[in-house]
Each structure stands twice: as structure tokens, then as C-alpha cells.
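Novice: Chain by chain, the residues:
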Amino acid sequence: MAAIEILDLEKSYLVGFWRKRPKLALRPLRLTIEAGEVFGFLGPNGAGKTTTLKLLMGLVFPTAGTARLLGRAMDDPAVKSQIGFLPEQPYFYDHLSARELLNYYGQLSGVPAKGRSARVEQMLERVGLSDSAGVQLRKFSKGMLQRVGLAQAILHDPKLVFLDEPMSGLDPMGRREVRDLIQQLRSEGKTVFFSTHILSDAEALCDRVGVIHQGELRGVGAVAELMTGTQGKIEIIFYAQKVPASLTALGAEARVSGDMVNAVLPEEQQDAALEVLRREHLKLISLAPVRRSLEEYYIQKLRPTEVQNTEVQNEEKQNEARRNRNGQNEAATDEDLRKEKQEDRKGVGA
Amino acid sequence: MNPRIGYIAFNTFREAVRDRVLYNLIAFALVLSGAAIIVGEISIDIERLVVVNLGLTAVSLFGVVIAIFIGIGLVSKEIDKRTLYTVLSRPVRRWEFVVGKFFGLTGTLVVNTFLMAVGVFLALLYVNNKFERMDLWVLAALYFIVLQFLIVCALALFFSSFSTPLMSAVFTFALFVIGNLAEDMRALARATHGAAVWLATGIAYLVPNFSALNVISQVAHGDPIPARLILYNTVYALLYSAMAISGAVLIFQRRNLK
Amino acid sequence: MKMTATGRVNVVAAAVLLCSMAGAMATLHAIDHNDAWQGAVAQDAIYVTSSTALRRMSLGYTGLLADIYWTRAVQYFGRQHHADSGDFTLLAPLLEITTELDPKLYPAYQFGANFLAPKPPGGAGLPGAALELIKYGIEHNPDQWRLYYNLGFLYYTEFKDYAKAAEAFKQGAQLPVTNEFMPILAARMAQHAGEFDTARMLWVTTYQSTKEARIRQNAVEHLLALQVDEEVTQLEQVVDKYRQLKGRLPSSTADLERAGFIHGTPADPKGHPYKLMPDGRIEVQDPKNLYFITKGLPPGAFPPQPPREANH
Chain A
1 MAAIEILDLE KSYLVGFWRK RPKLALRPLR LTIEAGEVFG FLGPNGAGKT TTLKLLMGLV
61 FPTAGTARLL GRAMDDPAVK SQIGFLPEQP YFYDHLSARE LLNYYGQLSG VPAKGRSARV
121 EQMLERVGLS DSAGVQLRKF SKGMLQRVGL AQAILHDPKL VFLDEPMSGL DPMGRREVRD
181 LIQQLRSEGK TVFFSTHILS DAEALCDRVG VIHQGELRGV GAVAELMTGT QGKIEIIFYA
241 QKVPASLTAL GAEARVSGDM VNAVLPEEQQ DAALEVLRRE HLKLISLAPV RRSLEEYYIQ
301 KLRPTEVQNT EVQNEEKQNE ARRNRNGQNE AATDEDLRKE KQEDRKGVGA
Chain B
1 MNPRIGYIAF NTFREAVRDR VLYNLIAFAL VLSGAAIIVG EISIDIERLV VVNLGLTAVS
61 LFGVVIAIFI GIGLVSKEID KRTLYTVLSR PVRRWEFVVG KFFGLTGTLV VNTFLMAVGV
121 FLALLYVNNK FERMDLWVLA ALYFIVLQFL IVCALALFFS SFSTPLMSAV FTFALFVIGN
181 LAEDMRALAR ATHGAAVWLA TGIAYLVPNF SALNVISQVA HGDPIPARLI LYNTVYALLY
241 SAMAISGAVL IFQRRNLK
Chain C
1 MKMTATGRVN VVAAAVLLCS MAGAMATLHA IDHNDAWQGA VAQDAIYVTS STALRRMSLG
61 YTGLLADIYW TRAVQYFGRQ HHADSGDFTL LAPLLEITTE LDPKLYPAYQ FGANFLAPKP
121 PGGAGLPGAA LELIKYGIEH NPDQWRLYYN LGFLYYTEFK DYAKAAEAFK QGAQLPVTNE
181 FMPILAARMA QHAGEFDTAR MLWVTTYQST KEARIRQNAV EHLLALQVDE EVTQLEQVVD
241 KYRQLKGRLP SSTADLERAG FIHGTPADPK GHPYKLMPDG RIEVQDPKNL YFITKGLPPG
301 AFPPQPPREA NH
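The listed protein sequences correspond, in order, to chains A, B and C. Going by my numbering, the first residue of the first sequence is number 1, and it counts up by one from there. Going by my numbering, the first residue of the second sequence is number 1, and it counts up by one from there. Going by my numbering, the first residue of the third sequence is number 1, and it counts up by one from there.
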């Protein structure tokens, strides 16, 4: 049984101050996640990742389409006891301590009273907050709040866990711990759906990834597949002060950094390149095939196609004209829209 | 009865208690009750009158202020600051959230009122050196004040379900003021003619009737409160609160959280 | 001693705090005690002359507002009395507002009965307003015997309408809860309206029915005046008898004593002996000390009034 089935889920907002026009935050999304998978939802800020999660959690209502979680309709309250959710930059009740919060959430999730406090302690231990369990949350740092967030997401042993940017606000140590946690969840047979824009995490953790941009799912693929397959190139690193001319003659793209040179050549030239080194008495450091990285896949998916490009340009022209006519700034009331426009101006984030 | 409402109510109560604003207001109200004793000494023959008038007015007004501040703070703020995200991702129905908050709020105010009432009765004991039979009616007045809080909390929740914290506070307070003039409004509506009658009457009847819940002056004079009024007010307060809460639930059910 | 910058700031701030606090309090004190401003301040006592508007503005908390206005009325009266202005124009409106906000506030009616009617400087000199006030009170408190007492009292002292006074006392006497003097007063009005005993009974009832110091003081002074009036009348009668017997006026009260008409030296309640005037009238030694007396005064003199007492 599929853990998550998203069936043409769509969300549009009305934006603009006087004349409201619809803005599509999420174009019809179709996606299926299998049970036991770790799925990474990739995309720049404002792409629609959070919107998708809010739709699935029932915090926001779709304008069209539906989804099924663990085989049940997404608005079925019974399914919620099997789901855990960590929102982006979570807020919690300030006046409670970590222990009280988890206990409260445990109550709400239906964790039976009998083992509840033991379970709470266990969770606190697992995320490394045992020492601060009695401290009020208003005194917690961002990283500590993130841990509490994780704890409350898995407290009731859900089958399906949703994490929105789980690494945000954590130092490298914290990120390592979260990675380990996700690995553990996976080995427990849970399904993990997390959104991020940090590709190295996705590479390390996910079975499959999906790339979303401007509200549209651009591509889905298994990480293993995406990353295998050489591009027919090899990368050779050796000690040298400058790039040998004969290497460039072979069609190499080379870069000097310090006393090393980094050159990429077509793989047919491998032997010829080694010959150059031998002739010039240059010391070899490494020789390896160039593996396609997730980054490339990602960037490729983010690049708008010709058709899309034209559409976007036209829309921009219209916006310009409208602004000039009214002489006022149509302030978007929708946060997503604002973020997205920011992103467009900054260029594609990574 | 599902337990989640109880959990939410308890958590709301706990949050209110830990909010230090509450303590300042209670302390102030208690001080005011004490001040009533002093004021009473200035105007002879009316010590009891002043103690009851000032004390109960303080309980009533401060309670309304607390109800509005905490009510708005507890709900509007929660929606604003997204603490709700992790709550609603659990098997908590949206209506349970609203109802639980309501019970938590009113529970807080009942405890509040009780504490302040102790202050008033102590002041009363001080000026009269004993309790008289007419002091029993002060309890009736206090009960009505609690009913008043029920309605105010329900209204605060209603506005919070769709409005910003500031506007919710303003609307609720505005309805409190208008509600105290409800009798006048109904009389005014009866005096209008033509098409305006329906509009005026509709509004006059929709506005919460706080004037019937204010019997402070009567109990200050030791007048008894008719049982029928007690019954009527109880039923009215329960019905009106139910109306406001169901409105809140309906709106909140469909609200897109930011 | 070197002080750090922070320390200096603290000292200056503390000094400014204390000085400004003292200055503010001193200014306030000056405002309170500047008589020239009393008019303006007193006028403040009634921003809103319409009781209906006031009732609406109080949002149902009329009881408290009534108490506040009542306190203001008492303070106003004391202040005006002390200032010796003889101007009590605001007393009636203040009492009217008080009773409109809380029709059951009996002390306001009583105060009005005692101090609205008498002429300045003892009161506002508005018996009509006093009457209106009491009637309003009776309308809203038909079972309060004290109001009928106040009504009868007003008719007796200010309007000298003994028939209406009798009617008021009678109505009060018929209430389920009443005072034992009411039926007696009702009866006496009919026959002994102008007599000392009746008047005495009235003032005693007034004294008994209140704890308000000013009203009590007033009643006591009236009782003393009654005593003087009675004694002077009796003494003058004795002088007349002496004249009829001896054919001439006595030369002093000692003569009366020798003739056996009186015992000892007659003195007023304050202990000063009465003077026997050459024309046979009796006068008090020091009229200024006996308030409200109508007998024992030099010809053409007005009944003395109590002095301005200190502001309460």
C-alpha cells in the first residue's frame, strides 16, 4: 500500500489589493510515495514545498484534488494518530517545559497514560534534551526547539513522518544527529517525507527525490539512478604549477588551485592524458570517472523550458504594464507569492 | 466525552495562570476592594453600599478586561504564531480545539472571580463585622458576572477565529459596551417605523444583553434577585455562548492557516 | 571619589525623579487649596448635566457612579460652606443626578431635605427643589418611612403647611416598617403644630434617623435653640406675672427669684445667665453663640447662624 498518494492536489490564492487575481501556489500535483521510503522534496524557497505539506496536514484546504495518507482520505482524523509533522521554524507554547509539551502532545495524540511519561523521557533522551527537560521553552535556542520539534513528531510512534526543513537552524553536529535519526526511522520501517534545499542531505538519505519549482513538480527519480551513469568524462588531479599545453590539446578543461591541477577530459583520452603526465614527470594524485551529481539533476530541473520561459516573460511584461498604469505597488497578501518573487530576483538558490 | 477537549482546556488554563499579566490584574482588583473600605468611610451611612458597588464593579470590569486579553492572546495569538501547526497535525478536530479553549478560558475566569470575590466578602465583613442575609444576594450578582464572562469569552473566541488579535480585542470590547446598552437599543428599535424596524430589531436582539446581567446596584441595597431572572439569565448566557462558539467553529473549520 | 558614567546618570535620574515628584505633588496641593479655582473645579463635578446620558455612559454600573456623585455632593457642600460663598447652586443638580442614577440612595434624599431647603448660608435656599427631590424619592421607594418623615419635616419647617405635614407623617405611620414617633407627629400636627414639644420631637427624630455628623450637629443646634426659645418665652411670661402682681417691672432676675417665681439664676443652655432688659424683655447674653434662636434677641436682629466650620 502506498503511504502517500497525492492526486492532482492544487492550491491557488487570490492576490492583489483591489482586484484579486488567482495565483497558483501549487499546480496540480501527482505523486506517490511507497511505504518505507525516505523521500526528499527538493526546491528553492517559495517553490511550494511548505504549501504541499500544509495541504497534506489539513492546515490549508486545496482548491482542487485530494490526497490519501496510509490508504485513508487526508482529512480523516484517525489517520493523524499515525502521522508526525515537524513544521519549518516551529513555534511551541512558550510557557511549557519540554517535558510538559511532549506530555501534552502525547495526550492529544492518544498515547495511553500508562506508559506516557516513560515514553516522553525516552524521546527527550533520543533527541538529546534530557538535561533541559524541565526548562521553559521560551528559553530554548533555535537548535533546541528544532529537537523538541523532532521529538514531538515521533513521540507517538507514527508510521509516516513529515519534516519541513528539518536541518534548518542546526549546527553540523545537530545536522549529523538528525541524519542519524532519519536513518533510524528508516530502519524502523517508517516512511519519511522531508523537504529541503540542501542537496547533500538528500543525496545521503533519500531513496527518491522530487524537484519542485514555482509550484510545479519538475521531476521525480530514484537517487541511485540519478547519480550513476558517467557522462563519459574522467577527472584527473595531479601536482603541477600550470596546465601542460599538451593536455589542453587533448580537449581538457583544467583548473589550477595552489600546486594542483584539476582537469576534466573525455574518457577516451584517459591513456593519452596519463602519457602526458609521464612525459612531463608530473605526479598523479587521482583519476576517477565524473559522476553525475544530484546538483546537476536539480539545476537541470529548475531551468525553465523554452515554453515556460516565454510564459514567464509575458507575465512579467503584464505585471510591468499594470504597475505603470496604476502607479502603485500591488502588494501581494500571500506570503508564498512574496517569497517566490524574492527568489526569482535572487536567482535559483542552492 | 472525548478527553482531548479536557486536555486542551487544562492546557489553556495552565497557560493563563502562568501569564503574569493575570496576577497583576487580580492584585489590582483586590486592592480596589480594599480601597472600597476607605472610600466608604468618607461617605457615612453607605459603607456597605460602596464596598459592594466598588468591589463588584471591579470584579466585573477587570474580569472583562482579563477575558478579552487572555481570550485574544490565547487564540488569535496562537493562530498568528503558528503554534497550532503541531497541534492540528494530531488527531485533534478543529472544533475540539475551539471548545477546549473556551472551557479553559471560562475555567480561568471562574477561578479568578472566586479569588476576587473573597476579597469583596472580606471587605464586607470588615465594614459590617458580620454577614447578613442580604449578603447572599451578592453571590447571585457574582454568578451573573460569571455568566457575563461566558458570553465575553465566547465572543472573543468568535472574533479570534477570523480576525487579527488587535481587531478581535476591539470588536469584543465594542460589543461589551453596546451590550450594556442593549435595553435601550431594544426600546429604540420598537420606536422605529417602516423597513428600519426589522433591521433595528434584528440588531438589537442580536447584541448580547449584558444589562440584565448587571444587578450590582440591587444587591448593594440588599434587594433580592428573583429566581426567574436567575433562570432566564442562565439560559440566555448558555444559548448566546453556544451561538458564538458554533459560529467560531464554523468559521474556523474552513480557515486556511497561514 | 570617582564616579563612573553610569553612576552619574543614575544619580541625576534619581534626583530628577524625586524633584519632579515633589513638584508635581506641590502643584496638586496648590490647586486643591486655591479658593479662586473652586468654582471651576466644582463645575467639573457635573460635566454632564443630563442624567439619562450619564446613566447610559455608566454602562450599567450606575450604583458606583451614584456613590461617586453622592460623595461629590457632600464634598461640594462642605467646600462651599467653608468658602462662605453662600453659593450652593450645584447642590441640587448633584443630588438630582445621584438619585437618578440610584433612586434608592436614601442618604442623598436626607441630605437634600436638610440642606437644600434652608436659606443660605445654612443651605441652598431651594425648598421647592427639596420638595421635588423627596417626592421623587417616595415615588421610587414607597416603603421607606424616612422619606415620608423628610416630607413632613419639610412641610413643617419650610412651608409651615401643617396640614400637608400631618398627611405625610400619617402616610409614613401606616407603612409596615416605621418609626414610633410617626403616628404621634401625625396627631400633633393637627393640634399642636407650632408648639415646642412638637418641634422638639421632630428634631430628635431627625437626630436619631441618621449617622451623618453634619445633620446631627444641625439637629442638636436646633434643639438647643428650641430650649432657649422656650425658656425665654417662659421667663417673659413670668416677668408679666410679676408686673401684674407688683404693678411694676422687676429690675433683675433676682427680683423674680425673691418673689418666688423662679429658683436660682436662669441661664441659657450654654451657661450664660439671661439678661432682663428695662422694657421687660428677656435677652440672651451672647446671641452669636446660640444659633437658630428666634427669641431673646435684640429687636431687629436676625437669628444667628453657625460659623463656617473647617472643610471635612
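Please keep in mind that the hints were generated in silico from the structure rather than gathered at the bench. Treat the hints with care, since some could be wrong.
[Stated by the list, open to error] BS3-like cross-link-like pairs, simulated, lysine-lysine; straight-line CA separation at most 25 Å: (1) C:K246 x C:K270; (2) B:K77 x A:K142; (3) C:K211 x C:K241; (4) B:K81 x A:K142; (5) C:K104 x C:K270; (6) B:K130 x B:K258; (7) C:K135 x C:K241; (8) A:K159 x A:K233; (9) C:K135 x C:K104; (10) C:K104 x C:K170; (11) C:K295 x C:K241; (12) A:K233 x A:K142; (13) B:K130 x A:K139; (14) B:K130 x C:K241; (15) B:K258 x A:K20; (16) C:K119 x C:K295; (17) B:K130 x A:K23; (18) A:K301 x B:K130; (19) B:K81 x B:K258; (20) C:K246 x C:K211; (21) C:K270 x C:K288; (22) C:K295 x B:K130; (23) A:K242 x A:K283; (24) C:K160 x C:K119; (25) B:K258 x A:K142.
Novice: Does each hint fit the structure? Answer for all of them.
Specialist: Now the hints, each set against the structure:
no.: 1; hint: C:K246 x C:K270; verdict: 31 Å, violated
no.: 2; hint: B:K77 x A:K142; verdict: 20 Å, holds
no.: 3; hint: C:K211 x C:K241; verdict: 44 Å, violated
no.: 4; hint: B:K81 x A:K142; verdict: 15 Å, holds
no.: 5; hint: C:K104 x C:K270; verdict: 40 Å, violated
no.: 6; hint: B:K130 x B:K258; verdict: 58 Å, violated
no.: 7; hint: C:K135 x C:K241; verdict: 47 Å, violated
no.: 8; hint: A:K159 x A:K233; verdict: 43 Å, violated
no.: 9; hint: C:K135 x C:K104; verdict: 13 Å, holds
no.: 10; hint: C:K104 x C:K170; verdict: 22 Å, holds
no.: 11; hint: C:K295 x C:K241; verdict: 19 Å, holds
no.: 12; hint: A:K233 x A:K142; verdict: 44 Å, violated
no.: 13; hint: B:K130 x A:K139; verdict: 50 Å, violated
no.: 14; hint: B:K130 x C:K241; verdict: 60 Å, violated
no.: 15; hint: B:K258 x A:K20; verdict: 18 Å, holds
no.: 16; hint: C:K119 x C:K295; verdict: 19 Å, holds
no.: 17; hint: B:K130 x A:K23; verdict: 71 Å, violated
no.: 18; hint: A:K301 x B:K130; verdict: 84 Å, violated
no.: 19; hint: B:K81 x B:K258; verdict: 9 Å, holds
no.: 20; hint: C:K246 x C:K211; verdict: 51 Å, violated
no.: 21; hint: C:K270 x C:K288; verdict: 12 Å, holds
no.: 22; hint: C:K295 x B:K130; verdict: 48 Å, violated
no.: 23; hint: A:K242 x A:K283; verdict: 13 Å, holds
no.: 24; hint: C:K160 x C:K119; verdict: 15 Å, holds
no.: 25; hint: B:K258 x A:K142; verdict: 21 Å, holds
Violated hints, in rising order: 1, 3, 5, 6, 7, 8, 12, 13, 14, 17, 18, 20, 22; the structure is consistent with all others.
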